[in-house]
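Novice: Got chain A; can you put chain B on it based on the hints?
As a plain string of letters, each chain reads:
There are 2 protein chains.
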Amino acid sequence: MAAQKNEKMEAIVSLTKRRGFIYQGSDVYGGLSGTWDYGPLGVALKRNIMQLWWKLFVDSRDDMYGVDAAILMNQKVWQASGHVDTFVDPLCEDTVNKRRYRTDHILKDNGIDPTGMTMQQMDVAIQEHGVKSPDGNPLSESRTFNMMFTTHVGPVADEKSVSYLRPETAQGIFTNYKNVVDSFYPDLPFGLAQQGKAFRNEISPRDFIFRTREFEQMEIEYFVHPDKGQESFESLLADIHSFLDLLGLPKEAVHELEVPAEDRAHYSKRTIDIEYDFPIGREELLGLAYRTDFDLSNIQRVSGKNMEYNVKGTNEKFVPHVIEPSFGVERALMAVISAAYTEDEVNGEKRIFLKFPEHLAPVKYAISPLLKNKPELVEKAREVYAILKKKHGNVMWDDNGNIGKRYRRQDEIGTPYCVVVDFDSLEDGTVTIRDRDTTEQKRISIDDL
Amino acid sequence: MAAQKNEKMEAIVSLTKRRGFIYQGSDVYGGLSGTWDYGPLGVALKRNIMQLWWKLFVDSRDDMYGVDAAILMNQKVWQASGHVDTFVDPLCEDTVNKRRYRTDHILKDNGIDPTGMTMQQMDVAIQEHGVKSPDGNPLSESRTFNMMFTTHVGPVADEKSVSYLRPETAQGIFTNYKNVVDSFYPDLPFGLAQQGKAFRNEISPRDFIFRTREFEQMEIEYFVHPDKGQESFESLLADIHSFLDLLGLPKEAVHELEVPAEDRAHYSKRTIDIEYDFPIGREELLGLAYRTDFDLSNIQRVSGKNMEYNVKGTNEKFVPHVIEPSFGVERALMAVISAAYTEDEVNGEKRIFLKFPEHLAPVKYAISPLLKNKPELVEKAREVYAILKKKHGNVMWDDNGNIGKRYRRQDEIGTPYCVVVDFDSLEDGTVTIRDRDTTEQKRISIDDL
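Those protein sequences? They're chains A and B, same order as listed.
Numbering follows my numbering, with no gaps: position 240 of the first sequence is 240.
Numbering follows my numbering, with no gaps: position 110 of the second sequence is 110.
This is chain A alone, in the form it adopts within the complex (with noise of 0.2 Å):
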């Protein structure tokens, strides 16, 4: 079964990067690893992804207000938030070829589960097990590793001017929860989302994006009365489970895992992790976690700066207390991809072909004069293509090869109708439309279409 699943992963990677979705990061110069590269399909598919949640979650709600920060910060933001100290992964070492891995990466590869275990315990597990580095060397005792990327602002660079590159988007917006009060003071409980890169010095990153160095999330934080809470956090994971519909998940592949109290942070009431059965097996894919007061309290003590809420047209003030969806677009791409990803036999033929659902999909349409020798066919393509991509934008012209080579391409790429001008257009204005999912073809008038 984990060859089989390899195999799936391997060749998405292969179809993405000829397909024009996802390229190795820096590739021309043998990459950087960690990082991704997205083409024009890969843009198209994670602008729809975005988008989408920007609808759903902001656009298409009352309690939504969208906020855009800086990746750059001032390190007391990241202080304040505890990064600084415990943003850490534990890290050993091949004590021959002064290699180094994340100590719970290398446990996990051999088959022991590190969850819940102190840096000392992993150390002790590698000595009980005598677990050895890939390379079959002894390992050094595990320190921390902060993974954050350091640089420095300004002219100067010392102890005052390092910043950091943000490893989460949520600080950017507890940062300006007080602006958007001061601007627009609206009523409990209200959300502020935003969308943005963030970045973490992984040690080891793997899992094509999965984990990578360089991501981009779509958080929430939704600040809610401390006695509402439940509630909120309650309906924000119906909403969630909606998106995943949207994204075309199957909803058995989707799995909740309430994290019990000793897994959670400190202030953490509650956690709901939403899995999902990636090629890779079964993943975290997005969190949802009720946060109190931990972080405008924090902020509040670090910058002395009020951050109660003063409930209108009364007297009670509190520190709101939060509910936050945390979703990683990568991450949500690779599921999308994998759950689209599919095989089947078409007369006695392999197919793949991604069945994405039609508004996620980067092309909606394919249009093909049925020869590209014909000028009048090519010209009444012409025409339909253009009235198409006015209307839909998504549309692509495609001539390449005869028309079954057109159909396998377009399967790759997941474009739900592929449209085939041929003689017939020219007399009674239809066309074929060939479905991507069921092969069929029909003939449908080009007004229809």
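Honestly, the hints are just simulated from the structure, not real lab data.
There may be inaccurate statements among the hints.
Restricting the straight-line Cα-Cα distance to at most 20 Å, the calculated cross-link-like pairs of lysine to any residue (SDA-like) are [claimed, not checked]:
| # | chain 1 | residue 1 | chain 2 | residue 2 |
| --- | --- | --- | --- | --- |
| 1 | A | LYS390 | B | ASP239 |
| 2 | A | LYS390 | B | GLY196 |
| 3 | A | LYS98 | A | VAL131 |
| 4 | A | LYS312 | A | MET147 |
| 5 | B | LYS405 | A | TYR185 |
| 6 | A | LYS55 | A | ASP245 |
| 7 | B | LYS160 | A | ASP245 |
| 8 | A | LYS98 | B | ASP239 |
| 9 | A | LYS372 | B | TYR185 |
| 10 | B | LYS269 | B | ARG211 |
| 11 | A | LYS391 | A | GLU349 |
| 12 | B | LYS197 | B | GLY30 |
| 13 | A | LYS98 | B | VAL162 |
| 14 | A | LYS389 | B | LEU56 |
| 15 | A | LYS55 | B | PHE184 |
| 16 | A | LYS17 | A | LYS305 |
| 17 | A | LYS108 | A | SER204 |
| 18 | B | LYS108 | B | GLN120 |
| 19 | B | LYS17 | A | PHE184 |
| 20 | A | LYS55 | B | TYR185 |
| 21 | A | LYS55 | B | LYS390 |
| 22 | A | LYS17 | B | LEU56 |
| 23 | A | LYS312 | A | ILE444 |
| 24 | A | LYS390 | B | LYS17 |
| 25 | B | LYS312 | A | VAL131 |
| 26 | B | LYS391 | A | PHE145 |
| 27 | A | LYS108 | A | PHE145 |
| 28 | A | LYS132 | A | PHE184 |
| 29 | A | LYS317 | A | ILE444 |
| 30 | A | LYS389 | B | ARG61 |
| 31 | B | LYS364 | A | ASP59 |
| 32 | B | LYS55 | A | ARG100 |
| 33 | A | LYS390 | B | SER242 |
| 34 | A | LYS305 | B | GLY30 |
| 35 | A | LYS390 | B | ARG61 |
| 36 | B | LYS251 | B | HIS359 |
| 37 | A | LYS405 | B | GLY196 |
| 38 | B | LYS160 | A | TYR185 |
| 39 | A | LYS391 | B | PHE184 |
Specialist: Coordinates of chain B only, in the frame set by chain A:
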């Protein structure tokens, strides 16, 4: 005139903060110089500008392909492009308090034009004119300062692990040229387009969002046959002007500066800077540069990979030439807000409003009940709100204060239409609709909204 201009700039900075467009980055912790955060209305306006650009330059065209490269790239990218060696600013120091300044800015602030001066010539000018630091102290000789932010990727911080926050999105396009050609083999001319963050460690960020340390670019590299460069240059220039028209920028405030040969990069055959009359003066809004084969040839030399394009069905091979239209989102945003900012007088009172083009306005309709304590008015207004929200998305409920205050607030955020539901609405199904620019009100049927 200068004072008046600064007044307008200050009024814009104040309005955009108060109304939830733009806040200082890391505001709650005293800020981080050169960074800005976008509030709900700023995000909406920025998204509208960026989506308009994408629609115009990518989705509606047959010759454009989107890409989205990682911000962190292999350091060879910036060695090959020349940024490691030459992306520098001249930096001088107050010899008493050790504060550092950009030498060219110090000269400009003292009425001396540094255009075309070498660093040595700037130092001579400082001596000759007796220029002092803003604190009145002598200035040191200048040295060069690289404007790229530096970080380290992976667990070891050494020369090999150095990476940079990209100072432009362009190189993320060039490095994907071959990937896209391999996936799609488009006919020449074709363009690759990207939107994304870029970072420059400016010594003295200033002028609101005009010169910042973190900003968003929209860039196209348009690949052409070496004989056809001028033609594509002209046609892209026309496309740029169409975009600026759609931003609502008055034609008389937009200027083409044909950069003379001696001021162009050595590889550039032609460069036009599009300048705009900002409140801070006439400054660069965007650039259009004919970069010849400079970038692809560098990549070919350093990577050893062939960057030649083979014209389909022929033996003709060459490294394509490139035309680069390069837009800054924040500068476009600042131009849009500056162009929209208007003061007039209504009934003897001063009024401020933002006359955004309708397709860019963050809020298109504001819906109010005439009186918020009349449940039947509120109910009817909520109905109207729900209809318009579903249809347009960018619709705001506004029942704070009296109608006059609501109009004032909506004027300041640039809402084209305010809709008021009153007692007549309950009788005859009409509402009052008020025009932002003329302040005229008329009654129309709810169905006609």
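Novice: Checking against the hints above, which ones are violated?
Specialist: 2, 4, 7, 8, 10, 11, 12, 15, 16, 20, 22, 23, 24, 25, 26, 28, 29, 32, 37, 38 and 39
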